[in-house]
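Novice: Take a look at the letters that make up each chain.
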Amino acid sequence: MKKGLAIVLAMFLILSIAACSGKSNDEQSQNTQNNQAGNDTTPAPSGSGNGGDKKQVTLRIASAETAADPKKAMEEIAQEYEQQTGVKVVVETMNLDDMYLKVQSTFGTSAQYDVMFSGYLGLLTTLKEKGIVAPVDDVIEKLGGKDIFYSPTTLQPILDGKSYRIPYDLNYALGYIRTDWLQEKGLSMPTNWDEFLNVMKAFTDKKNNKYGLILPLKIGGANNWITTSVFWANDVEIFDDQMNVILDQGDNKQRAIESLNFLKELNQYMPVEAENADFPELLAAFYGGQVGFTFYSGRLADASVQSAPDLAGKFQVMGLPRKDGNGYATTYGDDGVNIINGPNVEEAKKFVEWFFKEKYLKLVAAAPNAFFPSISSVYESEEYKSLPTVKQFWNDVAVPQQKIIQEAKVNAISLAGSEPTEKQSVVESSFIIPKMFQRVLIGNEDPSKVIDATANEIRNMIK
Amino acid sequence: MQHKIKRRDVPFVLVNLVPGLILFAVTVIFPAVMALRYSLYESDTFIGKPKFVGLHNFAELFQDKHFWSDLSKTLIYAGGSVVFQVVLGIAIALLLNQRFAGRSFLRGATVLPYIVPSIVVTITWQWMLNTNYGVISKFLGYFGVYQFNFFSVDMSMITVVLVSVWSFTPFVTLVFLAGLQTVPEDMYESAALDGAGKWTQFRTITIPMLSPIIANIVLLRGIWMFNKFDLVWLMTGGGPLERTETLPVTTYIYTFSQYKIGYGVSIAVVSFLIMLIFMLIYLRLMNRANGGTRT
Chain A
1 MKKGLAIVLA MFLILSIAAC SGKSNDEQSQ NTQNNQAGND TTPAPSGSGN
51 GGDKKQVTLR IASAETAADP KKAMEEIAQE YEQQTGVKVV VETMNLDDMY
101 LKVQSTFGTS AQYDVMFSGY LGLLTTLKEK GIVAPVDDVI EKLGGKDIFY
151 SPTTLQPILD GKSYRIPYDL NYALGYIRTD WLQEKGLSMP TNWDEFLNVM
201 KAFTDKKNNK YGLILPLKIG GANNWITTSV FWANDVEIFD DQMNVILDQG
251 DNKQRAIESL NFLKELNQYM PVEAENADFP ELLAAFYGGQ VGFTFYSGRL
301 ADASVQSAPD LAGKFQVMGL PRKDGNGYAT TYGDDGVNII NGPNVEEAKK
351 FVEWFFKEKY LKLVAAAPNA FFPSISSVYE SEEYKSLPTV KQFWNDVAVP
401 QQKIIQEAKV NAISLAGSEP TEKQSVVESS FIIPKMFQRV LIGNEDPSKV
451 IDATANEIRN MIK
Chain B
464 MQHKIKRRDV PFVLVNLVPG LILFAVTVIF PAVMALRYSL YESDTFIGKP
514 KFVGLHNFAE LFQDKHFWSD LSKTLIYAGG SVVFQVVLGI AIALLLNQRF
564 AGRSFLRGAT VLPYIVPSIV VTITWQWMLN TNYGVISKFL GYFGVYQFNF
614 FSVDMSMITV VLVSVWSFTP FVTLVFLAGL QTVPEDMYES AALDGAGKWT
664 QFRTITIPML SPIIANIVLL RGIWMFNKFD LVWLMTGGGP LERTETLPVT
714 TYIYTFSQYK IGYGVSIAVV SFLIMLIFML IYLRLMNRAN GGTRT
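Quick note, the sequences are listed as chains A and B, same order. Using my numbering, you'd call the opening residue of the first sequence number 1 and step up by one each time. Using my numbering, you'd call the opening residue of the second sequence number 464 and step up by one each time.
The shape of chain B in the complex, shown without the other chains (with noise of 0.2 Å):
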């Protein structure tokens, strides 16, 4: 039930608010602005006076095929690490969700990779797959595969998007299993009855039921791995050969790089506008799914 605010409430209402908003202004929306200013100057430092030019570096970057480029490195990344922890995260959900011995010990576990800093993800993961001494390169030489290089060319993204979900897995874990637990059990006891396999279950009650958390997962997720960027340029500064070089990996390059500030910036302010996009189209689709009603 929708309750409209009266005149007697506006005090309490600033008080709970006016806080908040500020906090979001100095953090979110005087950056963003200040982000929307600086790519609209050409500057080679961060200090002195920058040239206003516009729209000048977005006419640059829209001709620029490196851009595109990287915004389909950086779908491909996004993309494939997200469907990967959705299914990964389902499944292990689901198996956490039976009842077993060590179902508390091994939840807890499971947490374990997302609380690690990207930093020493990075460096385990860099040690583990290195060529030479690498731990995984010696297991692949047990069947024949020697010097495999996890870095090059063709794999250095797949390498990528694999730490990648092996990082965030558990947050999207986490969330599929508290959504599990939302399920009522006699759904699927009488599905049972009618004689529903545990695979009719699954698609007919469990999906179904989880669909909001997917569809936020889906969104959340895409938004963060969209601008992710120390795991990508701890594990590769963005090569060999450019091929994991994604937008926040060159919105980096452009801005503390190569110093052409506005440049790099008019990229994050692009990347920001796609993520607002499909933000825009989620909520959209949300609130179809809630019968138009406000959300």
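The following block holds chain A by itself, in its conformation from the complex (with noise of 0.2 Å):
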């Protein structure tokens, strides 16, 4: 009796896993090979089946802009198209972090995206790698093309010799210095490496809480994107051309080794929080005046206006200086748009030229100076002149700015090598690089050994 029953549990057991089982993997591993297949071929009409009623179509976009302002243009944007077209357009907001998970995790499926405004994508490369993302040249094409954007900017779409992003603004990692701590110092704006620490020991107050400067020293992605500056800052390359790590190899590694020591001078002009710092620290750092300097986008100059009115006219944008005065580094960003291959993909593409071609300037008008605009002809632009913020720092931020993005010294770790590959997006989503500054920093390890530790951990995890 016992055992009959246990047998009748049994079976219901295993029934309800297998109902629950869903699609296998060799489905879905089907479906993704189907919409490869449908990259190069004239996708069918969107919806449910339905030819070319555009009533039946619904666009999804992942959009990274959670700030409110952003997030309300793209929101209005969709519905100024869905009024246009009859195309609904439906805007689902997260974070930068959650997107490339989201993204892929519907892709295939009924819930998937047909767009993504995104932040600075390291996985792009993955995503194109799996053919989620669809080519974007017809668009860029139709848009003018490439010559219309910054060259630097068209360095980080192209694969294999296609475009699968069109960047909509610039994000480099700008410093932000205060001007009138270096004139109540008697400083100028400082040119290499001794005169940055000389700058920022002197605007070091401990004392009074005053600090030099507070860069993101937590693992995470404001450290990748902007702590690595002083990488650049001195010449440091991770890869050579052929894609094989040299962090570790001759004179490149003496500069990985001066580098890192740098930080570790600069260290004693930060406040404790750096060691956990991300974003909201480095704008609570720089808003509430505890230090002279520190990176963000133009976002911070954007943000100032409502949370540190005072500061206007009290900071200006520059690099990091180089190492041997040879001028400024940053680290590169964008944001941008990608297109997913499926169904919608011809109705995305539409829907992308046109808010380039009708509506660009209103979603760069939601945060100007952090939508630093990746079209030339719009930083030139009279309506983009006299948008408020960008009016307001203009010769602070936006001039400034627009000098370091054409002469600065730009690299990234997902422009590191050659050419993008998935190599750089292995680098970047291990935060290897700022583990290995955590380690020099706050563990106090010797350089030049966690240098050859680091380059070896690249090595096996590209291999």
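Rather than coming from a laboratory, the hints here were simulated on the basis of the structure. Treat the numbers as computed from the prediction; the structure is a model and nothing was measured. Cβ atoms here follow ideal geometry from the backbone N, Cα and C, with glycine treated the same way. A couple of the hints might just be wrong.
Covered by chain B, according to a simulated footprint, are these stretches of chain A (three or more residues, beta-carbon under 8 Å) [stated by the list, open to error]:
(1) 263–275
(2) 319–325
(3) 380–389
(4) 430–441
Please dock the two separately framed chains into a single complex, following the hints provided.
Specialist: Laid out in structure tokens, this is it:
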């Protein structure tokens, strides 16, 4: 009797598990392959198989624009597109960290996204390899070709000769320095590492809780994006042109050691919060007058209007001085649009084209210094220049930002080496470079040994 | 008294059991089986066909120093926070078991930290402990302690344990308080008549009477703290220098940050097995304590 009961219960369990197992990996893989195949063919009109009935089409947008004004602008743009074309556009706002997971886990399902408005996406190569993103060269051509963009921005999206991303703004890591503090101390803008250290030292008054600078040392995206600037300012390379790891090789290793030692010296002029600092801590320290220098995007200027209006006219944007004084360095970043393979790919392309032609300035206006226009003619336009916060910070933010974009030594983990591959994505998402900074600054480990260990770890990760 | 199930009872038993078992299968067994399956594969995305690697992930895991280091951090975190929760939980329960004005209000207020969501707990404590403007840092300033970093390499684990204790002790208190209500008052009266002091009463009556509850609480809270992710992740993200990187945090980092999905899931599977071993030991001990009868 007991045996019989046990068998019946076991059957129920097995059946319920089987019922829940859903689509198998094989099926999903098949779906992916189908979508990949659809890359080079004209996809069927979107909707529920209703041919060209646009009212049936719903475009799902994954947007990483979480700040209130850009989020509102995105929603309004979506509504306007629906009013004009009858195509419903649903904007789902999410953290950038969640986007990659959401996009790929919904890919091939009825809930998949059609367009991504994402921040600096180091994992683009992986998305491309998996057939998730569609090439956008045809859209770029319709917008006027690649020449309409600032040249550095075209570096990032080219993969296997095709572009998979249209940058809508540039987010280089910008240094913000308190010009009133410089004046007070009788100092000028630092132009090399020695001068920079002197300025940071002069800014520091620990008794009164004043520090030279704050850099994000917490393991995370901010550290990957900002703190790596110390490498680029000394021409440190992670990969060579053949994508071999050269961080621990010859002169390059020496330069990496110098960069880490420079960071150690800077650490003396940072508050203890730097150890756990991410984006919010940078803003808090700069707005609160605790530090005289930090890095951020143009958002620091935009948000200061509300959060720290007293700072107006007291700061200026600069890059990180290069060691030898030969100009400035910065880390690349952008926000861009990706189109996701699937049944709505053509409709998504139409939407993106319409967005850039008709509504680009509307989005830029929502955070005009943060959304530094990726299209040069927009930066030059009177409409952009007349936006209130652009006008307010024209000399202190917009002009120096453009100068940095055009003149500074620009690099990033995802730009390391000769061409974008999954290797850079692996290095970026492993946060191994931020861990290296922590080991030297917080763990007091020998920079030379840490570089050797890190280089070997990278080799293991990408082999 | 045990009652033997007869044939005519079967439909009734099934009607009662099957809905719960299906729910259990869907929410517990199915994900567990899927996790076990994922741990045998290698994949860097959640789509496409993963590569079957057998037990390779586990072989790699057991050779990974990082894993053993994180396991020890997890045991320190879980062990440390459970010990404090139990000690403080008993102390507060004893206090709340006394008669005094405002006892009911205090009993209600004690539960508050437990019902506050983890995100609110972490943000509030991060503010309070902030080196620059935190109220606790200000308070320490009155004693000449300035710029104290609660999230430094040396302090971060202690801070996370203490915040966890603050957040979860109320649950332990409630359970002990309920247990104390079941201890007959006359046992204390008799002991007092025999000249036993408060400490002797506590040692010889309260603790023995609460021991089954203590065992349960240690096991349950141990499992919960071993698997605790949100509070640690939100507080420190596992840092600095990976000092608070417990196994759930490592699992998340590998699976959802680095997209080493099979490897990340294999950590979760090993965590599950560790907890299973603890649970089996506990059940055996309980069985022995109950004189070998089935519990």
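Novice: Compare the structure with each hint and give your call.
Specialist: Here is what the structure says about each hint:
{"no.": "1", "hint": "263–275", "result": "holds (count 4)"}
{"no.": "2", "hint": "319–325", "result": "violated (count 0)"}
{"no.": "3", "hint": "380–389", "result": "violated (count 0)"}
{"no.": "4", "hint": "430–441", "result": "holds (count 5)"}
Of the numbered hints given earlier, the model fails hints 2 and 3; all others are met.
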